[in-house]
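> Below are the chains, spelled out letter by letter.
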Amino acid sequence: MAADTDAALSSGFRLLDAAASTQASRTDAIFLAMLLLCGTVALVLLVLVVFFVLKYRRGHAVDRTPPREMKSIEIAWTVTPLLVFFGVFGWAARDYITLADPPADALPVSVVAKQWMWKLQHRNGRREINELHVPLGEPVLLTMTSQDVIHSLFVPAFRLKQDVVPGRYTRLWFTATQLGEFPLFCSEYCGSEHSGMTGRVVVMSPSDYGRWLASGPAAPSMAQYGFALFRQLGCSGCHEARSTVHAPLLDGLYGRTVHLQDGRSLVADATYLRDSILVPARDVVAGFAPVMPSFAGQVTEEDLQALIAYIQSTSARDATP
Amino acid sequence: MTTDTLPASYLDDGLTLRSWLATTDHKRIAILYALAITAFFFVGGAAATIIRMELATPAGDLVSNDGYNKLFTAHGVIMVWLFLIPSIPSVLGNFLLPLMLGARDLAFPRLNLLSWYLYVAGGLITLEALLLGGVDTGWTFYTPYSTMFSNTYVVLTLVGVFVTGFSSILTGLNFIVTIHTLRAPAMGWFKLPLFAWAMYATSLILVLATPVLAITTLLVCAERLFQIGIFDPAFGGDPLLFQHLFWFYSHPAVYIMVLPAMGVVSEIIPCFARRPVFGYDSMAYAILAIASVGFLVWGHHMFVSGQSLAASMTFSLLSFIVAIPSAIKVFNWTATLYKGSIRLDAPMLYALGFVGLFTIGGLTGLFLASLALDVHLTDTYFVVAHFHYIMVGGTVMAYFGGLHFWWPKATGRMYPEVWARIAAVLVFVGFNLTFFPQFILGMEGMPRRYHAYPPQFQVLNLLSSAGAGVLAIGYLMPLVYFAWSLARGKAAGANPFGAKGLEWQARSPPPTHNFDAPPVVPAKVYDYHADEPEAEPVP
Chain A
1 MAADTDAALS
11 SGFRLLDAAA
21 STQASRTDAI
31 FLAMLLLCGT
41 VALVLLVLVV
51 FFVLKYRRGH
61 AVDRTPPREM
71 KSIEIAWTVT
81 PLLVFFGVFG
91 WAARDYITLA
101 DPPADALPVS
111 VVAKQWMWKL
121 QHRNGRREIN
131 ELHVPLGEPV
141 LLTMTSQDVI
151 HSLFVPAFRL
161 KQDVVPGRYT
171 RLWFTATQLG
181 EFPLFCSEYC
191 GSEHSGMTGR
201 VVVMSPSDYG
211 RWLASGPAAP
221 SMAQYGFALF
231 RQLGCSGCHE
241 ARSTVHAPLL
251 DGLYGRTVHL
261 QDGRSLVADA
271 TYLRDSILVP
281 ARDVVAGFAP
291 VMPSFAGQVT
301 EEDLQALIAY
311 IQSTSARDAT
321 P
Chain B
1 MTTDTLPASY
11 LDDGLTLRSW
21 LATTDHKRIA
31 ILYALAITAF
41 FFVGGAAATI
51 IRMELATPAG
61 DLVSNDGYNK
71 LFTAHGVIMV
81 WLFLIPSIPS
91 VLGNFLLPLM
101 LGARDLAFPR
111 LNLLSWYLYV
121 AGGLITLEAL
131 LLGGVDTGWT
141 FYTPYSTMFS
151 NTYVVLTLVG
161 VFVTGFSSIL
171 TGLNFIVTIH
181 TLRAPAMGWF
191 KLPLFAWAMY
201 ATSLILVLAT
211 PVLAITTLLV
221 CAERLFQIGI
231 FDPAFGGDPL
241 LFQHLFWFYS
251 HPAVYIMVLP
261 AMGVVSEIIP
271 CFARRPVFGY
281 DSMAYAILAI
291 ASVGFLVWGH
301 HMFVSGQSLA
311 ASMTFSLLSF
321 IVAIPSAIKV
331 FNWTATLYKG
341 SIRLDAPMLY
351 ALGFVGLFTI
361 GGLTGLFLAS
371 LALDVHLTDT
381 YFVVAHFHYI
391 MVGGTVMAYF
401 GGLHFWWPKA
411 TGRMYPEVWA
421 RIAAVLVFVG
431 FNLTFFPQFI
441 LGMEGMPRRY
451 HAYPPQFQVL
461 NLLSSAGAGV
471 LAIGYLMPLV
481 YFAWSLARGK
491 AAGANPFGAK
501 GLEWQARSPP
511 PTHNFDAPPV
521 VPAKVYDYHA
531 DEPEAEPVP
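Protein sequence lines, in the order shown, are assigned to chains A and B.
At position 141 of the first sequence the residue is numbered 141 (our numbering), and the sequence of numbers has no breaks.
At position 141 of the second sequence the residue is numbered 141 (our numbering), and the sequence of numbers has no breaks.
By construction, these hints were calculated from the structure, which means they are not laboratory data.
Please note that the accuracy of each hint is not assured.
Capping the alpha-carbon separation at 30 Å, the derived lysine-lysine pairs in DSS-like fashion look like this [what the hints assert, rightly or not]:
| # | chain 1 | residue 1 | chain 2 | residue 2 |
| --- | --- | --- | --- | --- |
| 1 | A | Lys71 | B | Lys191 |
| 2 | B | Lys339 | A | Lys55 |
| 3 | A | Lys71 | B | Lys524 |
| 4 | B | Lys524 | A | Lys55 |
If you're wondering where the values come from, they're calculated on a predicted model, not measured in any experiment.
In isolation and in its complexed conformation, chain B is listed as follows:
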C-alpha cells in the first residue's frame, strides 16, 4: 500500500482559511485551540514578566500601584481561564480522545466547533477589557471590592469569563458522551488509557462546577450594576458567601487543570520506561476520587476568613484526605520505572519533571491544609509558590511533555530532540529558581499581591526574577524549533516511540476520518515489555 492511494491527512484535507474556520474535525479544532491558547499564554506570560521585573527591587518604581494590580489580575485571569483550563483538555484531549477510543470524531463535532468560537469570543472580550484599561480585583474577584469599590472593567471581564465558561461546559459534555458511546467495541472501561480516564473525570468537573462560576459572575454583575445586595454588607449582603461560591468552582478548577496533566504523564512514563503503568486500577480510581473529593475541600481557602470553627475543621480534614489519591499516583508513577528500560527523551524529561514538581506542590499543600500553620502561611508567597508548583510545575510541564510526545502524531514530523531536551532542562531549572525562593519569602511573611515590599525580602525576589528570565527562554525555545520542525523535521512515521495507545495505529498525521483500517484494541492496556526489543517505528 502506498501513500498515494490513501485519503489525504487532516492537514491536507482542505487548505483554505474557510476549511479551517468551519471545520468540525476534532483534530483541526485542536489545532485552532492550540494556536489560540498559545497566544494567550504569551500575553499572560508578558504580564508575569513585567511583574517579576517590578519585584526585582523593593520600591514600586517600574509601574504604578494600580498598574501592578492590573498586571497580576490580567496574569491570573488569562492564565487560569484562557490557558490552563482549556490547555490539555481542549488541545490534547480534542486531538487524542477520539483516536484513543478508536472513534472517527467526538460525539458532537459541531458543538465542538461552537466551543472553540465561545472560547475565542470570551477571550476577546477579556482582552478588550484589558485594552480598555484593565481590571484590578485579582483573578479571585473578592467582594465587596469587586462589586462596589473597584473602578475598573470588572463587568466586562466577568462577561468574558462567563462566555468562556460555556466553552468549558460544552467541551466537558462532549467528552463525557464521547467516552460513554464511542469507544471501540473491544474497549471496556478498564482498557481505557488513563488519559481518557482523566478527560472523563475532568469533564465531570467542568460540567458540574462551571455553572456555579457562571451564577457567581452574574451575581457580582447584579450587585455592581444594580446595587442588589448579595455580597456587600452595606446592602445587607454577605462577603463570605462570594468566597464560598467562588471556591466551590475554583478549587475543583485546580483539578480541572491537574487531572489532565496526570493523564498525559500516565501515557508518557509507561512508553519511555517500557513498563505497564503500575497499579492501573488504583490509578483510575484515584482519578475519580480526586474529582469527587475535590468538590468538598473549597473551604480550605477560608481558614482566616471568619468562617466557623466547625467548617474549618471539616475542610482541613477533607483536604488531607484528598491528598491520598494524589500520593498514590506519585508512588505508582515511581514504581512504573522499576525494572523498566528507560530512555530520557524530551517528553520523558517533562514527565519526570512533572512528578518532582507536582510532588513538591502537593506536599506543600499539606502545610496549607494544616490549620494553625495555614494561619501564618495563607495569603503569603508560600501560597503563590505552592499553586505555581501545581499549575506551572504540574500542568504546564505535562502540557509541554504532551506537545512533544504527540507532536509527531499531529504533524507527521519529529521535533529536534537535542534542542527539546535543552528546553526541558531550562524550564525545570528556571521554574525552580523562580518559585522555590517564594516558599521562603512566604515563610518569612511576605504577603502576596504587594506592589512594593520591605527591603529584607529583596535577595529572594531578585533570585525569583532571574529564574523567570531562564523560564521565559525555556518557554520560547519550543516556539522556534516546533516551527522549524514543521518545515524541516524528519518524517515521523505512525509510531516513532513504539507506544501502545490506539492513536499510534493511525497514520501521522492521521486522515480526517482517523483510521484507514479499524484499529485493533490490544488485549491489555499499556502492554509494554521492558525485556523485548524496542518496537520498530511503523512507517
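Looking at chain A on its own, in the form it has when it is part of the complex:
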C-alpha cells in the first residue's frame, strides 16, 4: 500500500504542469527527494519542539532529572547528515555534469541577447526574435552571448537556465520531450525592461520543424554568410592556402588542439575563435608572427557567430568527404 502510494507520488510528481525536457523529470526527482528528506527533518524537529514545550512547560509536574551528557548522540547527528549530504551532492552533480556535456550531434542554434530582446539564428540562416522553434526529441545546443549586459536564458518547463555573458560564449543544451509552447524568461536582472524580456519556446514534431525551418524568407545559411564575411573582411587574404602571408590555415580547425607560441595548448572552440578575431595577440599560434590586426568594433556578435559557423563547416566537410 505504502509502496504503491510512493510510486504513484513519484511518477505523478511535477514541479510544474509542464515537464518538457529530458532533464525536467530528473530535476523533479531530486526536488521530490529533497522535499521528502528535508520535510521529514523539519517535521520531526517541529514535533519535538512542540512536544518539549508542552511536556516541560513551567508548572507542569514532570520528571526533570538532568540527562547525562551523551557524546554519542552528538556524533550521530553530525555524521548522519554528512553522509546523506554527500549522497545528494553526488546525485545532483551527476546531472549537472551531463548538462555541461552536450551530445556531438546536437542541433546548433546561435543566441545573441541584448537589452531587452533575444535574437536567435538557426544554421540554415533562419532568424527569430524572442521565439525558439525546436524539434521534439532531438538534442539542441544553444551557443549564447550578449552584446551588452549579462542576461540569463530560463525555460522553467525544461528546468534549465544559463547566464548569457558578454565577451564569451556560454552553452545550454536540452532535448525537448513534449510538444507545445513554453515560456522563456530572462532571469538575470538586466535593466528597465528586464521583466519584459520574455518569449517562448515552440516544440514541434521533427517534420513540422523541418517545414518551418525551410519556410522562412530565403537567406544564406550561417556558414555561407560567414564565408562571404570571410572574404569581405579580408580574412581570406591571409588565411588561404595560396596567400603569401604566413598565416595559419583555418580549414578543419574547429575542435582541433592548437599549440601556442608560449607553450600552452588549447582546443579551438567557439570562444577561442571569437577571441582570436577580437584579440589576436592573446593566443598566437606557434610558428606564426603576431601580425593579425584586431577586428574588434568591425564585426557584430551575429557576424562573429557566422564566421565561426563557417570555420566549423569546414571541419564538417572534412569529416564527410
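Since chain A is already given, all that's left is putting chain B on it; use the hints.
Just chain B now, kept in the frame of chain A:
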C-alpha cells in the same frame, strides 16, 4: 544599600544632546545605533511595502519599471548594509559584550564612537543617492550593468557602502581586541557565553571580508568613472571577476547576519528552558566552523554563471559541508528544551520562531546547493524566499527576541508581556504568509526582480502581499509599546528573568561603569537548573 548612594545609571549620566553625541560609553553608543538602524529599517520596509503592493497584480501598474527597479535596489542596499549587518552586533553586541565579559567598556571606546559616525555618514550618503533619484542595479551591483549601462547614482551609493564598511571593520576590530583582553579574570574562553563567541566569529568575518567589498566598490567606481577595463569585456575586463569578488564578501556577509542571531538565541533558550545549553563545546566550535568554512562557499551563487565545472562541483560540496555546523546548532537548541522548565515569554517566542524559520531557510539552502536543482531554482523567487527565511526569519526574529530579552536591562523597565507575545505571533504568521508562497512561485519558475509577471503567478503573489501587511503590523507594534514602556513600564530590577549571564549582575539600567561591585564569574556557564525554584528577581 539604597539607590541614592549609587552613581547614576548610564541613561541619567548627562542629559544634554552633546552628552549623547560625544559619548564613549558603549551602552549609549548602542542606543545611538539602535535609533539609527530603526530609522533605516522602516525606510527599507517602506520600499518593501511598495514592492509588495506593486506585485499584488501582474501588470506593472503602480510604479514604473525603473521605479520598481530602484525600489528593490533601495530595499536590498538599506536592509543589508544599513540594517542587518549592523543590527545585532552594533546594538546588542555593543551594549552587552563588555557587560557579559565583566568589563567597563570596549577596548577602544573612542573608536567605537567613530564607528557610529562612519555608519551614519555612510547611511546618509546612501540616503542622499536615493533622494537624488536612486540606483537601479540591485544590491548585487552586477557588472557590466553597474559600471557601463546604469544611468543612476551608482557611484554615490557605492561610496555610502564603502564608508559604512569601515564602520563594520572598526567594530569588528574593537570586539576582537575586547574579547581577547578584557575578559574578567575568571572567564576562560570556554566560559564565554555563546553570544560572545558569536560576536567573536562575526568580528573575524567583518575584519577579513569587508576590505574585499571596499576594494570591489573602488574597482566598480574606477571602471564607471574612468573606463578602466576591469569587469566590462568591451574594455578587456571579465564580468565574472566581479561576481567572485562580490560574493567573496557577500556570502560571508550572510554569516555576519546570522551568527549573531544564533548567539542571541543561545542566550534566550537556556534562560526560558532553565537548562544549560546542550553541547556547549560543539556549539562554540560550530560557530567557528561556520565562520571559517563560510569563506569557501561563495561560488554557489554562480552555478549558472559560466564558471568552470570543477569550481561548481567544489563549491557545491563545500556548501553541503557548511550546513553541518548549522544543523548541529539546531539539534542542540532543540535538545536544550528536553527536561527543561519552559516558559513562553516574548523573547522565547521569538527564539523558538527563529529556530523554526532558520531551519526552513537552512534546509531550502540545501536545495540550492544541489547543482542540477539550482540550475532550475536560482534567480527565481525560491532564492528570494530562502534568504528571507535566513535573514528575516532568522536575523530579524532573533534581533527582536534580543530587544525584548535585554530591554529591561537597557531601560530598567519591563515591556508589556501580552502585547509583546501578540506581536511575536503576528510577526511569525505574517512572515510565513509573506515568504512561504514565494518558495512555490520559485518552483513554478517566476524569476526574481520582475516588475510585471505572467498572470498565472497572481494568487501566490497576492497571498504574499497580504502577509506583508500582517508582518508590517507585527513590526510596528513594538515601536508603540516600547515607547509606552519607557514611560509607564513597571520597574524591571536587575534580573527579571533569573538569567545567569554576567550582564544581569549589573543594575538595570547599568551605571556608566557597568558594575557597582566586581561581577562574580560563575563556576559554570549557563548554570541553569530546571528543578530548582525560579530565581527571585533581584531588585
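> None of the hints should be skipped; say for each whether it holds.
Checked hints:
| no. | hint | result |
| --- | --- | --- |
| 1 | A/Lys71 <-> B/Lys191 | 19 Å, holds |
| 2 | B/Lys339 <-> A/Lys55 | 9 Å, holds |
| 3 | A/Lys71 <-> B/Lys524 | 19 Å, holds |
| 4 | B/Lys524 <-> A/Lys55 | 27 Å, holds |
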